[in-house]
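So the sequence lines, in the order shown, correspond to chains A and B. Numbers given in this note's numbering equal positions in the first sequence, counted from 1, plus 1. Numbers given in this note's numbering equal positions in the second sequence, counted from 1, plus 1.
Keep in mind that the hints were calculated from the coordinates and are not lab data. Don't take each hint at face value.
[Said to hold, decoys possible] Capping the alpha-carbon separation at 25 Å, the derived lysine to any residue pairs in SDA-like fashion look like this: (1) Lys79/B - His231/A; (2) Lys105/A - Val220/A; (3) Lys79/B - Lys105/A.
2 protein chains.
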Amino acid sequence: MSAGEFNSWQTVQAEVLRRINSREWRPGEFIPNEAELAVEFGCARATVNRALRALAESGLLDRRRKAGTRVALNPVRKATLAIPVIRYEIEGKGQSYRHTVLSKQRAAPPAGIRARMRTEPGVKLMHLVTLHLADGKPYVFGDRWINTEAVPGIETADLNAQSANEWLVANIPFEGGDFTFSAMTAGPREAEILACKEGEGLFVIERSTWNAAHVITTVRLTFAPGYRMHTEI
Amino acid sequence: MSAGEFNSWQTVQAEVLRRINSREWRPGEFIPNEAELAVEFGCARATVNRALRALAESGLLDRRRKAGTRVALNPVRKATLAIPVIRYEIEGKGQSYRHTVLSKQRAAPPAGIRARMRTEPGVKLMHLVTLHLADGKPYVFGDRWINTEAVPGIETADLNAQSANEWLVANIPFEGGDFTFSAMTAGPREAEILACKEGEGLFVIERSTWNAAHVITTVRLTFAPGYRMHTEI
DNA sequence: CAGATTAATATGTATATACTTATAGTTCAA
DNA sequence: TTGAACTATAAGTATATACATATTAATCTG
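Taking the hints into account, I'd like the entire structure generated from these sequences.
Printed below as a string of structure tokens:
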């Protein structure tokens, strides 16, 4: 089985993939260690390491020091989906982009938001409701809370000129975020804002972003009917 | 600025991140090349390469040969979301899992499906409708088409014992897939199958998977109200 | 025999060196 | 002035070597 020459990490990766797919190496099974594979493939261990590391990152292999490398039992397929800035998404489709601020005020958030923002009771946040339009038609509206303490400069920013999301992306570095995707049924408010019928199913993204010290912002994006989010693996 | 010692790729990465976040290196701007950074950080070029490559993969840097490395202008944040096998997802919540096959037949698919499956007109596929239940309550139902030509053995598989998805994951290696997430409004059929009210908003995942030669399967998963898909970055 | 100690081992990482490859920029020719 | 040919450059990769680190397995103790 000393198959020819696999002297680039891509060819090594391809060969390992082939063996996994052909069940030569079965799920849960340990595969030979890096040193052995390097000899068999006629390449350096670092090359094997690169190939296996990439496969482990994509979820097909499980690796542990000393224990070794095994074919993943239940390969969790990971789709990486790009989170777009709404303006780019709309303009990318060749449509015109516009947004309007429906309301902007300082207020103490309801309990649910406060929990997500991890702020003390009574602390006021900036509450912003924005509608984004594609070719003049409602596309998505965002109900956003911003921790003004974590975001110096937001108070004086002109959020009519640049949407809060864009302003934040451009000005406030963040370290992590979480995303929830779901569906909701349009009520009177959504129907009015998005110019759709009450009772329609709407796609919803909830997103929080944070840095080391604070939760920066949490936003709920409710999309007009027909929105589709797409990704490939 | 010859800042101390950055002699592991993680510390190099952290320092580069710091400079990006602090705007020392601004979006769109070229950063010094690997060799220069290696000298400045007091480490090998390979170490810098590892750090920058990781940052490029996560979308914060743009790299091109000869041109160099620049800070990404619009950092596309990528969330990697794990595509779960439904049984694991349900059992992971501590609920009991059960599934039933509502219908299974060979049929020529409608045009939309045929386009996705890339089959010739008249070719019959396996059409499978399955309901998955959590603690006995409808959780999601799947409307699936399988290219039997691409999937040897599926005809004789007992899809009552093991769901089609699980059978496929365990038996048919695939190379790529695409995913679409959207919302729909429950019609009479969805309301009946999912035991929900007509007019409720439902979360929908459409997914196709393929290997080198064929589109293997395409499935539309319609979730009962309340479903939320979550991910972090 | 339970629990602590030690050894063995596979992956993880760092480094110097060398070569490859894509491509931006320049030069040259039609 | 366009475009083809060339060149210089920065990232990309491969390799040998060395050492670090996590973790299993074996061994030693009480």
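Structure-based check of each hint:
Note on Lys79/B and His231/A: the hinted pairing holds, with a Cα-Cα distance of about 13 Å set against a maximum of 25 Å. With a C-alpha separation of about 14 Å, the suggested pairing of Lys105/A with Val220/A holds against the 25 Å cut-off. Simply put, Lys79/B and Lys105/A have alpha-carbon atoms about 29 Å apart, too far for the 25 Å limit, and the pair is violated.
Violation of the numbered hints given earlier is confined to hint 3; every other hint is satisfied by the structure.
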